[in-house]
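Input sequences plus hints: build the corresponding full structure.
Listed in order, the protein sequences are those of chains B and R. Quick note on numbering: the numbering used here labels position 98 of the first sequence as 680, and the sequence is numbered without any gaps. Quick note on numbering: the numbering used here labels position 376 of the second sequence as 1322, and the sequence is numbered without any gaps.
For the record, the hints were derived by calculation from the structure and aren't laboratory data. Incorrect hints may have been included.
Straight line, CA to CA, 25 Å or less: simulated DMTMM-like cross-link-like pairs of lysine to aspartate or glutamate [to be verified]:
| id | chain 1 | residue 1 | chain 2 | residue 2 |
| --- | --- | --- | --- | --- |
| 1 | R | Lys1347 | R | Glu1380 |
| 2 | R | Lys1318 | R | Asp1177 |
| 3 | R | Lys1153 | R | Asp1006 |
| 4 | R | Lys1173 | R | Asp1317 |
| 5 | B | Lys673 | B | Glu608 |
| 6 | R | Lys1150 | R | Asp1224 |
| 7 | B | Lys673 | R | Asp1177 |
| 8 | B | Lys673 | R | Glu1181 |
| 9 | R | Lys1150 | R | Asp1130 |
| 10 | R | Lys1153 | R | Asp1130 |
| 11 | R | Lys1256 | R | Glu1280 |
| 12 | B | Lys673 | R | Glu1280 |
| 13 | B | Lys673 | R | Glu1326 |
| 14 | B | Lys673 | R | Glu1044 |
This structure is a prediction, so every number in the text was calculated from the model and none was measured.
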Amino acid sequence: MNPASPFLELEQGPRVSVTFDGAQLELPEGANLAAALLAAGVDVLRHTPVSGAPRGPFCMMGACFDCLVEIGGVVRQACMVEVSAGMDIAKPRGDADGPV
Amino acid sequence: MDQFDLAIIGAGPAGMAAAQEAAGHGLRVVLLDEQARPGGQIYRDVDRAGSLRGDILGSDYTDGRRLTAGLRHDGIRHVTGAVVWAIEEGFRISYTREGRAAQLAADRVLIATGALERPMPLPGWTLPGVMTAGAGQILLKQSGVLARRAVLVGSGPLLYLIAAQMVRAGTPPQAMVETQTTADLLRAMRHLGGALRGWPYMLKGLKLLAEIVRARVPRHTGAVGIKVEGDGRAEAVRFTSRGRSQRIACDTVFLHHGVVPNTQAARSLGVAHRWNADQTCFAPVLDRWGGTDVTGIFIAGDGGGIGGAKAAEIAGKIAALRIAELAERLTEVERDGHAVPLRAALDRELAARPFLDAAYPPCAEALSPEDKTVICRCEEVTAGKIREQARLGCLGPNQAKAYGRAGMGPCQGRYCGLTVTALLAEANGRTPDETGYYRIRPPLKPVTLGELAAMEETPLDKAEKEITT
Ligand SMILES: Cc1cc2nc3c(=O)[nH]c(=O)nc-3n(C[C@H](O)[C@H](O)[C@H](O)COP(=O)(O)OP(=O)(O)OC[C@H]3O[C@@H](n4cnc5c(N)ncnc54)[C@H](O)[C@@H]3O)c2cc1C
Ligand code: FES
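In C-alpha cells:
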C-alpha cells in the first residue's frame, strides 16, 4: 500500500517490477495497469498534445483515451492493459507507433 | 476467415444472454468483447472477484455469475480482449487482439455494446483526480482499489449505488453533491403509478439511501455553480446548495449524471437514430425484436436505450429468438411463444424508468456549460468555441469538426458528441434531431500500423498469393 496515494488497495497479491518514466514501481501482477498506477500514487499519465495539460484515467472503460501511455514504444490505453513483469512505461511522446 | 451464424459485440448481460439463447437454438455464435473477462459494465470481472468484493458489491453483482456460466456452451466461441473496430457489409468484422488485427464473418450481427456515462463537462472536469463515478466503481469491481477521500457529484440511482458500495467498503464519500431538486421529485410524481409497478427497484433505492444516511455522508441537493478546483490535480469541489456557497476538500471527484447508449458501432453502419427527450439522448430506432433499418443488424441492451441490466438481459434473448427464426432454427410460432413471458418481464423491468428519468434529470449546467469550459477533452475545444461557430453559421456537429476539430480526437466524440449537439441546437434554435450527430466511420477505435501488419492471413490472401507466385 502506498500511503501517498489517494487510493488504497483492498487485497494484496504478488508484485512485479515495472518502470514508469524511468522510476521503478512494484505493481500487482495481472492487475489493471491504470488502477495499479493510481494505487501507486501515479495520477498523471500524459500531457495533452494541444495545451500540455496533465491528464489521468477518467472512464476506466476504454472510451475516453485519457489514460494513453507508451509501453515498450507502443501507445496503449492503460485501463485496457494488465500489469506484467518488466513493463517499460512512459508518458507518450508522440513519435511512437500510434493510431493510423 | 471463420464464418458464424451470429456475431455478438459486447459480453455484458445483453450479449451473454443472447449468446446463450441463440446457441441453445443451434446457432454458431461468436461473442467478442474488448475486456479480458465477461460481464460487461454491471458484472465487470465477476468471476474473479473474491468474497470480500462480492459482499461490498452485493448480490445484484454476484448474480452475474449465472450469465458467465452460460457461456460454457459448444455453440459459443467467446473471444476475449477483442477490440472491434469495423463492421462491414456481408458481414465482415475486424478486431484487434493481443496486438494483432484479425477478421471473421457472420450472417447477422447483434450490437450489445451497452452504455457510456453521460458527458459531464463542468469547470475542472479534465483535471487528474476527476473521474466518472462508473470509473470509481470499475476500480473497485476489477481491481479492489478505493478512493480514500472522494466527493460524488451529480444525480441518478447509480450515484447512490456507488456511494453505498463505498460505505460498505469502509471508505464512505466525503460528501454527495447532488444536482436534482425537490421540484424534480414532485414532477416525477405523475409517474408514480409506473414506479409502484416497479416497486422492487424503488425499495432497493430507498435501502441504498438509508445506508448512505446511516453512514452520515453529508448530502447537498439542488447544487449549482459546481466546479472542481486544483492546481494540476483535483483538490476541492466548490458549489452552492440552498443558497450557501461551499468548498469541500478532496483528492478524488467522481462525476455522474446518468448513462446514455453507446451508439458508435450502430452509427458506423448507418443505423437510424432518434432523439429521446425523456432520456435526453439519441437512441437507435428499433423494432420490437431489436432489429434496425439495416438488414441483419440487431441491437440489444443499454445500447438500444437505457433500461438497466435485467432489461438488457431480456432484450438480448428477444433479439436472439428473432435471429434464430431468420436462420430457420425456429418457426415464427415457436419464436412468438418463447417471447411472450420475456415481453411481460421486460414490461415489469421498465415500469420504474419514467419515474427515475424524471426524478433524476441530467445536471442542467453540464448540458449547457459556461463558455470557458472544455467540452471536447481530446482536442480541448470549449463550449464558447462551439457557440461562436454557431454564430458563424455552423448548424451540425460534422461542420463543427471542420471548424474547430471537436470530436476529431481518439475518443471520436464519445465524450463530447451529445454536448456539441445540445450546444448547436440551443444556439440555432433547432431540435437535436434537426441538428444531428457526428458521422462515425471505422475504425471505431484507433488501430496501429503494427497491429495491421501483424494481421492474421485470411484464406483469401493466401489464395491471392498462390495465384501470383
Ligand atoms: C461504467 C458503468 C458502470 C455501471 N454500473 C452499473 C451497476 O453497478 N449496476 C447497474 O444496474 N447498472 C450499471 N451500469 C448501467 C449498465 O449500462 C447496465 O446495467 C448494463 O451493464 C447494460 O448491459 P449491456 O449488456 O447493455 O452492456 P454492458 O454491460 O455495458 O456491456 C457492453 C460490453 O461491450 C463491450 N464493448 C463495447 N464496445 C466494444 C468494441 N468496440 N469492441 C469490443 N467490445 C466492446 C464492452 O467492453 C462491454 O463489456 C453501469 C454503466 C456504466 C457505463
Ligand atoms: S481511462 Fe478512459 S480510456 Fe482509459
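Going through the hints against the structure:
1. Lys1347(R) with Glu1380(R): holds (17 Å)
2. Lys1318(R) with Asp1177(R): Given that 25 Å is the threshold and the Cα spacing comes to 17 Å, the pair holds.
3. Lys1153(R) with Asp1006(R): OK: Lys1153(R) and Asp1006(R) at ~14 Å, within 25 Å.
4. Lys1173(R) with Asp1317(R): Judged against 25 Å, a Cα distance of about 14 Å means the pair holds.
5. Lys673(B) with Glu608(B): holds (18 Å)
6. Lys1150(R) with Asp1224(R): OK: Lys1150(R) and Asp1224(R) at ~23 Å, within 25 Å.
7. Lys673(B) with Asp1177(R): holds (20 Å)
8. Lys673(B) with Glu1181(R): Judged against 25 Å, a Cα distance of about 23 Å means the pair holds.
9. Lys1150(R) with Asp1130(R): holds (20 Å)
10. Lys1153(R) with Asp1130(R): Answer holds: Lys1153(R) to Asp1130(R) is near 21 Å, not above 25 Å.
11. Lys1256(R) with Glu1280(R): With a Cα-Cα distance of about 23 Å, the restraint between Lys1256(R) and Glu1280(R) holds, given a limit of 25 Å.
12. Lys673(B) with Glu1280(R): violated (56 Å)
13. Lys673(B) with Glu1326(R): holds (19 Å)
14. Lys673(B) with Glu1044(R): holds (21 Å)
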